[in-house]
Amino acid sequence: MSLPLEGAIAVVTGASRGVGKGIALGLGEAGATVVVTGRTSEGGGALPGTLTETADAVTARGGRGVACRCDHAKDDEVAALFAWVRERFGRLDVLVNNAFAVPAPPLARSFWELPLSTWDTMHQVGLRSHYVASVYGVPLMLATTALPHRSRLIVNVSSFGGLHYAINTAYGVGKAGVDRFSRDAAKELRPHGVAVVSLYPGIVKTERVLADVDGVGFDLSNSESPVFSGRAVAALAADERVLGRSGKVLVVAELASEYGFTDEGGHLPTSLRRP
Numbered sequence: 001m002s003l004p005l006e007g008a009i010a011v012v013t014g015a016s017r018g019v020g021k022g023i024a025l026g027l028g029e030a031g032a033t034v035v036v037t038g039r040t041s042e043g044g045g046a047l048p049g050t051l052t053e054t055a056d057a058v059t060a061r062g063g064r065g066v067a068c069r070c071d072h073a074k075d076d077e078v079a080a081l082f083a084w085v086r087e088r089f090g091r092l093d094v095l096v097n098n099a100f101a102v103p104a105p106p107l108a109r110s111f112w113e114l115p116l117s118t119w120d121t122m123h124q125v126g127l128r129s130h131y132v133a134s135v136y137g138v139p140l141m142l143a144t145t146a147l148p149h150r151s152r153l154i155v156n157v158s159s160f161g162g163l164h165y166a167i168n169t170a171y172g173v174g175k176a177g178v179d180r181f182s183r184d185a186a187k188e189l190r191p192h193g194v195a196v197v198s199l200y201p202g203i204v205k206t207e208r209v210l211a212d213v214d215g216v217g218f219d220l221s222n223s224e225s226p227v228f229s230g231r232a233v234a235a236l237a238a239d240e241r242v243l244g245r246s247g248k249v250l251v252v253a254e255l256a257s258e259y260g261f262t263d264e265g266g267h268l269p270t271s272l273r274r275p
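At position 105 of the sequence shown the residue is numbered 105 (my numbering), and the sequence of numbers has no breaks.
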């Protein structure tokens with residue numbers, strides 16, 4: 001029996017670890033070929049995880065993982081990435097903009113207590129890099145027709161920080177900007193059959209969160225694994241009616257209820273959406 005995303009080509013940015021890695025694994029479970037990007041090509045850093053390890057894990061789950069080092073702060077490297085994907089695979093069905101740069105701690109401070117570089121760091125690899133990857137990725141998406149019974153899809157990984165205060169001011173402004181980018185890009189891409197959505201994970205048990213590198217101290221009582229987000233993206237990518245969701249903010253836990261998937265171990269976290 002074929003897997004739902006067999007034949008699909010996906011790019012997931014910032015996939016050495018964390019939510020990006022989880023999304024790559026979820027797409028792999030569904031049979032996609034997944035190009036994973038980021039800067040960590042060798043181990044030994046402050047946090048575990050490399051591109052090669054993610055690519056191998058994608059393949060182990062039933063897909064095909066391909067590692068491609070790319071610094072998403074450098075536009076020329078992003079352009080080269082998508083040129084390489086075009087040459088290697090000839091198409092692009094799913095783009096997941098996840099890469100995000102985290103400044104050195106402390107982060108949970110008022111904006112006037114933080115260096116100005118906090119703003120630049122969080123937005124250059126974050127909102128801006130999502131935009132740049134889309135600028136270079138969309139022409140490749142439009143160069144070929146969609147696979148049968150599927151729409152092409154861009155997922156911009158955002159967070160509840162786009163709606164409510166979280167971590168610091170620069171973080172929230174960036175996430176709100178990501179959501180607006182999703183909405184406006186969706187309007188421009190709808191005539192071309194490409195869906196664009198913002199994705200809100202909950203509290204995710206990433207390597208960084210578990211180590212509490214930033215001293216935020218997240219409550220993990222209703223937390224999610226990174227793969228939970230991956231299963232959400234895979235469900236959206238396999239949904240031939242996903243264009244009807246274009247421009248919207250979608251919550252991972254709510255998508256689980258709609259599409260019938262669970263987190264690893266059968267766990268079903270609840271949505272953090274406030275009334």
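Source of the hints: derived by calculation from the structure; they are not laboratory data.
Be aware that a few hints might be false.
As the list claims (entries may be wrong) - Here are the computed lysine to aspartate or glutamate pairs in the DMTMM-like style, where the Cα-Cα straight-line distance is at most 20 angstroms:
#1 Lys248 - Glu258
#2 Lys205 - Glu254
#3 Lys187 - Glu240
#4 Lys248 - Asp184
#5 Lys248 - Glu207
#6 Lys205 - Asp120
#7 Lys74 - Asp120
#8 Lys205 - Glu77
Claimed, not checked - Label-pair restraints from in silico Cβ distances:
#9 Gly217 - Thr262: 25 to 31 angstroms
#10 Gly265 - Ser110: 17 to 23 angstroms
#11 Ala108 - Pro139: 19 to 25 angstroms
#12 Ala73 - His267: 18 to 24 angstroms
#13 Ser110 - Thr270: 29 to 35 angstroms
#14 Asn222 - Arg64: 47 to 53 angstroms
#15 Glu264 - Pro4: 17 to 23 angstroms
All of these numbers come straight from a predicted model, not from anything done at the bench.
The beta carbon of each residue, even a glycine, is placed where N, CA and C say it ideally should be.
Hint by hint, here is what the structure shows:
1. Of the supplied pair hints, the one linking Lys248 and Glu258 holds, its CA atoms being roughly 15 angstroms apart against a limit of 20 angstroms.
2. Among the hinted pairs, Lys205 with Glu254 is consistent with the structure: their alpha-carbon atoms are about 18 angstroms apart, no more than 20 angstroms.
3. Restraint check for Lys187 and Glu240: the C-alpha separation of about 18 angstroms stays at or below 20 angstroms, so the hint holds.
4. In summary, the hint linking Lys248 to Asp184 is supported, as the alpha carbons are separated by about 10 angstroms, within the 20 angstroms threshold.
5. This hinted pair does not check out: Lys248 and Glu207 have alpha carbons roughly 28 angstroms apart, beyond 20 angstroms.
6. For a cut-off of 20 angstroms, the pair hint linking Lys205 to Asp120 is broken: about 26 angstroms separates their Cα positions.
7. For the hint pairing Lys74 with Asp120, the CA-to-CA distance comes to about 14 angstroms; that is within 20 angstroms, so the pair holds.
8. For a cut-off of 20 angstroms, the pair hint linking Lys205 to Glu77 is broken: about 30 angstroms separates their Cα positions.
9. In this structure the hint that Gly217 and Thr262 lie 25 to 31 angstroms apart at CB holds, the actual value being about 27 angstroms.
10. Taking 17 to 23 angstroms as the suggested C-beta distance range, the pair Gly265 and Ser110 does not conform, at roughly 39 angstroms.
11. Checking the proposed 19 to 25 angstroms range against Ala108 and Pro139 shows it is violated: the Cβ atoms sit about 40 angstroms from each other.
12. Distance hint check: the CB atoms of Ala73 and His267 are about 35 angstroms apart, inconsistent with the given range 18 to 24 angstroms.
13. For Ser110 and Thr270, the hinted distance range of 29 to 35 angstroms is satisfied, since their beta carbons lie about 30 angstroms from each other.
14. Evaluation of the 47 to 53 angstroms hint for Asn222 and Arg64 yields a failure: the beta carbon distance comes to about 33 angstroms.
15. About 19 angstroms separates the C-beta atoms of Glu264 and Pro4, a value consistent with the hinted range of 17 to 23 angstroms.
Checked against the numbered hints given earlier, the structure breaks hints 5, 6, 8, 10, 11, 12, 14 and satisfies all the rest.
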